[in-house]
Amino acid sequence: MREKEQTYFQIIFTGFSSLFEGLGLTFKHLRQATQKRSPIGVENKEYFQQDTGIVTTEYPYEAIPVPDNGRYRLNNEIDDCIVCDLCAKICPVNCIDIVPIKSPEEIGKTSDGTTKRIYAATFDIDMAKCCYCGLCTTVCPTECLTMTKTFDFSEYDVRNMNYHFTDLNPEQAQERKLIYEEFDKEKQRLKTEAANKKVEENKISDSSLVENVVVKKPAFKPVMKTPPKTEEKKEELNNPSESTEDKKELPKAKPVFKPIIKPTPKKDDQD
Amino acid sequence: MLAFLIILPLILTYAVFILWAERKVAAFVQDRMGPMEVGYYGLGQSFADLFKLLQKEDIVPINADRKLFKMAPIVIFTAIFAGFATLPISTDIIGSKLNIGVFYILTIISLDVVGLIMAGWGSGSKYPLFGALRAVAQIVSYEIPLTMSVLCVVMICQSMDLQQIGLQQGIWINDQVGFFTEKNYLFGIKSLGIDVTEVGGFLTWNVFRSPVLFFAFVIFFISSLAEANRAPFDIPEAESELVSGFHTEYSGFRFAILFLGEYAMMLLLCFLASILFLGSWNTPFPNMGIIKLSDWTSGAPGTILGNVWGFFWLFLKALVLIFLQILARWTYPRLRVDQLMYLCWKVLIPISIVLIFACAVWRLWMI
Chain A
0 MREKEQTYFQ IIFTGFSSLF EGLGLTFKHL RQATQKRSPI GVENKEYFQQ DTGIVTTEYP
60 YEAIPVPDNG RYRLNNEIDD CIVCDLCAKI CPVNCIDIVP IKSPEEIGKT SDGTTKRIYA
120 ATFDIDMAKC CYCGLCTTVC PTECLTMTKT FDFSEYDVRN MNYHFTDLNP EQAQERKLIY
180 EEFDKEKQRL KTEAANKKVE ENKISDSSLV ENVVVKKPAF KPVMKTPPKT EEKKEELNNP
240 SESTEDKKEL PKAKPVFKPI IKPTPKKDDQ D
Chain B
0 MLAFLIILPL ILTYAVFILW AERKVAAFVQ DRMGPMEVGY YGLGQSFADL FKLLQKEDIV
60 PINADRKLFK MAPIVIFTAI FAGFATLPIS TDIIGSKLNI GVFYILTIIS LDVVGLIMAG
120 WGSGSKYPLF GALRAVAQIV SYEIPLTMSV LCVVMICQSM DLQQIGLQQG IWINDQVGFF
180 TEKNYLFGIK SLGIDVTEVG GFLTWNVFRS PVLFFAFVIF FISSLAEANR APFDIPEAES
240 ELVSGFHTEY SGFRFAILFL GEYAMMLLLC FLASILFLGS WNTPFPNMGI IKLSDWTSGA
300 PGTILGNVWG FFWLFLKALV LIFLQILARW TYPRLRVDQL MYLCWKVLIP ISIVLIFACA
360 VWRLWMI
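For the protein sequence lines, the chains are A and B, in the order given.
So the first sequence is numbered by numbering that gives the first Met the number 0: it starts at 0 and just counts up by one.
So the second sequence is numbered by numbering that gives the first Met the number 0: it starts at 0 and just counts up by one.
Rather than coming from a laboratory, the hints here were simulated on the basis of the structure.
Computed from a predicted model, the values in this text were never measured in an experiment.
Be aware that one or more of the hints could be misleading.
[To be verified] No more than 16 Å apart at the CA atoms, straight line, and that leaves these computed lysine to aspartate or glutamate pairs for EDC-like:
id, chain 1, residue 1, chain 2, residue 2
1, A, LYS115, A, ASP84
2, A, LYS202, A, GLU192
3, A, LYS101, A, ASP183
4, A, LYS35, B, ASP30
5, B, LYS69, B, ASP57
6, A, LYS27, B, ASP30
[As the list claims (entries may be wrong)] Distance ranges between label pairs, derived from CB positions:
id, chain 1, residue 1, chain 2, residue 2, range
7, B, LYS125, A, THR13, 35 to 41 Å
8, A, GLN9, B, LEU323, 24 to 30 Å
9, A, TYR58, B, LYS96, 51 to 57 Å
10, B, VAL319, A, GLN34, 19 to 25 Å
11, A, ILE11, B, SER109, 26 to 32 Å
12, B, LEU11, A, ILE63, 37 to 43 Å
13, B, ARG335, A, GLN9, 16 to 22 Å
Where is the CB? At the ideal position from N, CA and C, for every residue including glycine.
With the hints as constraints, model all of the structure from the sequences given.
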């Protein structure tokens, strides 16, 4: 709304003057287009102070620096990793997949002096699933799992978002696995041998312990036997009045319901 | 023939670079960078766009009037390109040295409107039709102040020959047979007694030779914006409401031709403005005593040097005007239809009528 009704010539005059004002403004911006600020991070106080010049950041060629505590792509320094599995346990989205292989002897030491005893046959982090909470990095005891400043890692295939950090190839992993199995068998053998030795020693000293050892072996079997027992119990529950003769016939009829009905008149007769 | 061989490549190269320049100016005004990827500083962007357009499928809508639809770009471009025929591009190079050159240009440009209607109607779709109707209403309206402002120049110069009009606005005024006694005075006022015939430069341009023509130039510039459908008079092809108006349905090469026609129209009108008002191919530098800037920066008509300087100055002036048009596009908002008509019928036309009268008086009493 105009404050005062303008005359014809006033309209033309204000029109022209405002046109030139506008042209001056755009021309000012045009001249300032030679200025350009190099990208600065958001923590910089001047970040919001830009009044003149081009504001574009030509992204692939230049980028605004990311803050030091930024949470972006995960990286695992596998040489420092003791494969403790803590990161995989704490991950809220289960994006870390670890398959450990124990080693018979100490593999080496991490850079902070922790002893490594486990190989990682698989150490996969699926960044497509990752929610960037950073919990895994906080629980990591050797600080080998960190969040890097890489934020631009999009892929055409989502499967490429799964990062493999293991330093073993499948053959090596298989080899290590066999070595450990061998070692484990050897250990078991030594254990049993030791146990046998003990037994022999004990035989001489105490005969009652020998019985105990013998008794322990069949201890597993009763578990196998239990299911038939329960069946019998059920039958007993169904037909509490049945005699031992009927029991022999019954197993045939059990799967179906009808056979249960048939014997009932028999029962009556018998009763 | 020479003019044709110069003008056609000139228009093509100009269109390619002005597209780039327009995007760059737009970007800079808006504190952006503009195209930066294709070639150095994005210079190849227009070529990339052009090749993209040429590869595109030539689509004719099913509801379109095929004949009109296909003919329209040809009519539009031909009409505009024909306008270049009587346009001097340097002291001697001119397509056709008609003694009614101004008249010819104004009439042949009007054919453009026919092409616009063909395109808008032939597309068989609502936006092009709206766009075409608006374009025609606008162009027909603005042709009046445009023609009247040109008429002012014609009255002052007493000639419709564009080459003749150019010749009068510089130090070579007496270079042609029949003009031995012609003299230019400062601001065209004889009684001041300051003879600037030998000084030349911008002092002998039409806008200075007869200050009335300065206002005519402003009117010409405003109406030429409307004629070329440039912002702020771009309601016929308002991208935001009409999806670029009459060329909505065009694709591929036809679209490229329409676009080329549009930019050629800009160039034509800017050439015409510099010829009529800004001293044609004459240098802007005056002779000052022993520093003969005007002589140094121009050559006599008929010589190679004169032609080179002539082309250089004329093209430069046209480019400055085009730059102004581009800057105006990225500065001003689009006018409403009522504002558009108000400006034309209630402001420009009355003023141009007054100017014609003033020019007549000026011619009679001052020069």
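Consistency of the hints with the structure:
{"no.": "1", "hint": "A:LYS115 x A:ASP84", "in the structure": "holds, 13 Å"}
{"no.": "2", "hint": "A:LYS202 x A:GLU192", "in the structure": "holds, 15 Å"}
{"no.": "3", "hint": "A:LYS101 x A:ASP183", "in the structure": "holds, 10 Å"}
{"no.": "4", "hint": "A:LYS35 x B:ASP30", "in the structure": "holds, 9 Å"}
{"no.": "5", "hint": "B:LYS69 x B:ASP57", "in the structure": "holds, 10 Å"}
{"no.": "6", "hint": "A:LYS27 x B:ASP30", "in the structure": "holds, 11 Å"}
{"no.": "7", "hint": "B:LYS125 x A:THR13: 35 to 41 Å", "in the structure": "holds, 37 Å"}
{"no.": "8", "hint": "A:GLN9 x B:LEU323: 24 to 30 Å", "in the structure": "holds, 26 Å"}
{"no.": "9", "hint": "A:TYR58 x B:LYS96: 51 to 57 Å", "in the structure": "holds, 56 Å"}
{"no.": "10", "hint": "B:VAL319 x A:GLN34: 19 to 25 Å", "in the structure": "holds, 24 Å"}
{"no.": "11", "hint": "A:ILE11 x B:SER109: 26 to 32 Å", "in the structure": "holds, 28 Å"}
{"no.": "12", "hint": "B:LEU11 x A:ILE63: 37 to 43 Å", "in the structure": "holds, 41 Å"}
{"no.": "13", "hint": "B:ARG335 x A:GLN9: 16 to 22 Å", "in the structure": "holds, 20 Å"}
When the structure is compared with the earlier hints, no violation turns up for any of them.
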